[in-house]
Structure formats: C-alpha cells, structure tokens
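Student: Heads up: the protein sequence lines correspond to chains A and B, in order. Sequential numbering of the first sequence, starting at 1, is according to my numbering. Sequential numbering of the second sequence, starting at 1001, is according to my numbering.
Simulated from the structure, these hints should not be mistaken for lab results. Hints are not guaranteed to be accurate.
Unchecked claim - Cβ-Cβ distance ranges computed for the label pairs, FRET-style:
1) Gly-162(A) / Leu-1046(B): 17 to 23 Å
2) Lys-1178(B) / Gly-149(A): 53 to 59 Å
3) Arg-134(A) / Gly-1383(B): 50 to 56 Å
4) Lys-1300(B) / Gly-60(A): 30 to 36 Å
All C-beta atoms in this analysis are idealised placements derived from N, C-alpha and C, irrespective of residue type, glycine included.
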Amino acid sequence: MGKVVYTVGDDVSTDVIYPGRYMATVLPTETPQYAFADHAEFNAKLKSKQVPPGSVLVGGKNFGCGSSREQAVSTLKGYDLVIVARSFARIFLQNSINLGLRTVAAPDIDAKDGDELEIAEHEVINRTSGRSFRIEPLPPARRDIMEAGGLIAYTRARVLAGSGAR
Amino acid sequence: MGMTVVEKILARASGLKSVKAGDVVEPKVDLAMSHENGALVINQFLEIYKDTSVTPKIWDPSKIAIIFDHRVPAESSKTATNQKKIREFVAANRIGKFHDIRGDLGGICHQILPENGYVRPGAVVVGTDSHTTSHGALGAFAFGIGATEMASVWALGTVLNVEVPQTIKVVVTGTFPKFVGPKDLILHLIGRLSAQGANFKVIEFHGPTIRKMSTSGRLVICNMSVEAGATSGIVPADDETVRYLREEAGVTGKIALVAPDPDATYDQIVEIDVSKLAPQIACPHTVDNVKPIKDVKGTKVNQIVIGSCTNGRLDDLVVAAKILKGRKVAAGTRMLVFPASGRIYNQALAKGIIGDLMKAGAVVMNPGCGPCLGVHEGALGDGEVALSTTNRNFKGRMGNPTAGVYLCSPAVAAASALKGVITDPTKGVK
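Build the full structure now, drawing on both the sequences and the hints.
Tutor: Quick look at the structure:
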C-alpha cells in the first residue's frame, strides 16, 4: 500500500522531471535533490523527507517523454517512489527497468493526492475510491532485466558467464 | 512474409534469417555514441565490473563515438571536470571516434556522425541521446538509450532484449511550396500522430517527396520522429544516400543499401501531400501542439534561435541569410545562430553567410546544442517568448519554466526576426 504524494497530467517530459540545467550532475547519489525542481512545493516536500519509500506518483499518458537523460529516473529512484501512469515513453520505461525504479502502467488509472493505492499483480486498487484499474503487463524481455535487479546485475551475470562480445 | 527495413537490419545484426515485430532479439551494435553524458556511462560501465575479478574491457573501442556538444565550451567547472574525466578515459581506452571542442572537427553529435561517414545504411546505431533517431536518414536503425544501457553495450557489444518494433509507413507526395520544407512536414506529422502516436514504433518514410529530399532534410524528419514517441525514423537508403556518403562524408568503401520488402507488414500507413502545406508551428508546451502559421502569426517574439541538431545545417543557414541579407533584425528581438558543426560554420563563412547574418544583427555562436536544452547560452527571461528551429518546447526547456517556446522552420525564424513577431515567409518575403 502506498499513498499518492503527487499527480501530474499527460506528456510530462524529462525536462520537467529533471530540468536540463542540472544535467552536469550525473551520479544517482546526487540527482534526487533536483527532482521536479521547477515544481517547488513538491521538490521541497521530497527533500524534507516527509515522503516515505513506496509512495506513489501518479502520471498521465506518455510519462517521461523527451530526452534520454537517465537522471530523470535516478532522481525518482532516490526517493524509492512508485510511478503509476496511464502509459510511459519508451526510453524512460527502459531506463526505469534498468535502474530498478518501479513503474506500473495502468491505462485508466484515476487517483488524487492522498489516495491509498494497493498494487496487486494484475490491477491497481484505489482503496480510497474503491475502484480498480487494470495493469498493462511488462513485456517478458523487460521483466527478465527487472527481476535480475536491473541492467547492471543482468549484464554483470553475462560478463561473468563469459558470453559477451560474441 | 516480407520484412520492413528495420526488421531486415535487426535480423542481420542478430544473426537470424528473419524477424517480425514483437520478437525479442540481441543485435550487434555497429556504432555506439555518447556526448557529455559519457561521464555517467563510464561510471555505470565500471559498476558492471565492481567486486568481480574481471578487468573492465570495452568490446570494440573503434565503434564508440564520443562528441562534446551539450555544454561547449564548458559553462561551469563541474562540466569542465566531467569533460576532463571523459578525455582521460578516451585516451586510456583508445576510443576511436572522439570529437573534442574544436572549430574544425567539433560540433553536434547528430551532425558529426553523418558528416564523417560514421553511419552507414543497414547499421545498428545506439546513442545516449533521444535524437539518435536522426541517423535513420542514412538508412540505419538508430535509437536512443540511457547511460546504463550504453554501459552494457560497451561491455557486450550488443543491445540486450530488444523487442522488434512495429513500423508506421509514411508516404509523402507533392512539391513543397516556396519557404515550406522538411521541418513543416515533420511538425505536421507529429501534430497528426500526437506526442505518443508512434511510441515503441518506427516511422519509415517513403514517397516521391522523400526520394527528392536531400540528406540534410531527411536528417530533420528522422531527428524529430522521436517527438511522436518513435523509437526511430528511417528513410530507406537510395542514390541520394550514396551521393551524400561519397561526396559530403568522403566514404570510399562499399555501401550496401537495405530496402523493405514489397509485402512488408505495417502497423498503419499515413499519406501526406505537401503541395498545399503551410508553414507549421509547434506551440508551447508540447511538440504535438502544432498549428498552421496563420493561427499564431503576430505573436511577439523576444528571442529567435536558428541551429541545433534539427536545423543548424548549411541549407538552413542559406535560407536564413537569403531572407535576412541587407535587412535588420527588429529592435527588441535578439537572434542567435548556432551552426551544427565546425565544418558547416566554415562553409558558411566561405559563402559569406555568417557575415550576412551578423550584419543583419544576428549573434553567431559556436557550434553546439546551445540554448536548446536550457543549460548553456541564450536562456530566456521570465515570461519571454522564443521562436526556435530546435526540436522541443517542453515547459522549462530553454531554462525558464515561465517562458514559452514556439518551434518552426529556418525560413519562419528568419522572416519573424525581421518583424519581431511570428511572420509567414510565404506571404511577401522575397
């Protein structure tokens, strides 16, 4: 169960999630301070440590569109947020899987700030409104990487097995 | 069953006879490009080998390209230190295709790769930049990835678990009206498909208008395919591709062309006739908020930008100079020009174009990404409006979330610079 701490609309770009002017900061340990930097109130809330791990950010369609910057994922991962959105842009989704940021695609999701969401295997249940929303499953090719704990671990296993660069 | 161009490329690169949309493959990479975010790639690459007895080793340094373009010259000591770290890594690992900050060989990655002949038809190209889609202009399958995925490519030489994308076929017919061109075509298409209409898909461009289009124009339409969500845009290679690679990129070796099968399967087919297309404008704050110019003409503009990986090529500067030569940028409007590479800058100098633009009042900057992503030069003031030939207008994109960015062609940008308001070049500009 996680509480919705922020909701945003469709087409939220990586320029909004992690503005370009902070791109010289690259390390996952340093990026969280700039999450939604231009949304001053939410940024302050995140930094004040009022947001417990597992809290939910609800997005619309095409969440994470635009630049391939991985900081947009590591900045959210730093707070251990779960992103529930109607759909995700391709590179953002892949980066999330690679870095282990939890993303849930629920095409009809409807929730507001403060709602309690339960993420079950096939559906998201909004315990506040009592409604359930179908989850679009991840393709198996991506699930494998996620289950390995991310792409670093997945690639490391391949390197150790000596099967790289065939 | 027939294959699309990308299906053929992925089959070849994965050592398979055929593939179809939805298959999961592991293609070998022909070219792996990064820019300043190479600093993060290096970090993640070393992370793969951490706590193992294996020495970090790049699969093939000759296939890695690193081009400094996002913040050149460095705007801060932090960036300068990142660039220094990358330079040291490049030297220690003998990275083959490195372009430092230089007036002759430097520039924006999406111009440097084509103009040096690094991209070939049929190749698999990955880049830690979403506009890597650009290189589909040469008939390659080119797509953007994150830094960690690139680290994995550096280690293995393949991209893991790639799902073969579906393909949208776009057929373009008709002759462009004067001062209307590839930028207007792609903005129109993005407006039709929406910002997510091609998500996880490839856009394959066809039709007589595409066959007649220069590689420079094809780079524009493939560059911005990602703004409809596309994994990649691609123009099947043809005589023009060979001409460009031989004459402009100096390629001497064999060039193999890859064409789609006539019975290839497409997700959908979109037809566009450009013969009556008006200049198109993407309005704040999404790239699919596209309107014909008549809906926004007269809008006051504080800053005009011509440049970027989308429209900073020689033909873009030529059209701007044609409109601006002997005239003046309006008072109260500032105009910034960023040639896409040192080579283009030098060509424009030789043609007298740089002088024409400067005499009109434009500030000509060094090649690079410039103000496009709001990290470097040309930031906007509170509430200001920019009209730009770049590719994105998301809130805050040019460094100020209270500013608005309109996207347009070089002809619209130049005509608007004269008046200080959004101006239609097809009406009365000679």
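Student: Each hint should be assessed against the structure and marked as holding or not.
Tutor: Each hint tested on the structure:
1. Gly-162(A) / Leu-1046(B): 17 to 23 Å: holds (19 Å)
2. Lys-1178(B) / Gly-149(A): 53 to 59 Å: About 57 Å separates the Cβ atoms of Lys-1178(B) and Gly-149(A), which means 53 to 59 Å holds.
3. Arg-134(A) / Gly-1383(B): 50 to 56 Å: With a Cβ separation near 42 Å, Arg-134(A) and Gly-1383(B) fall outside 50 to 56 Å, so the hint is violated.
4. Lys-1300(B) / Gly-60(A): 30 to 36 Å: holds (31 Å)
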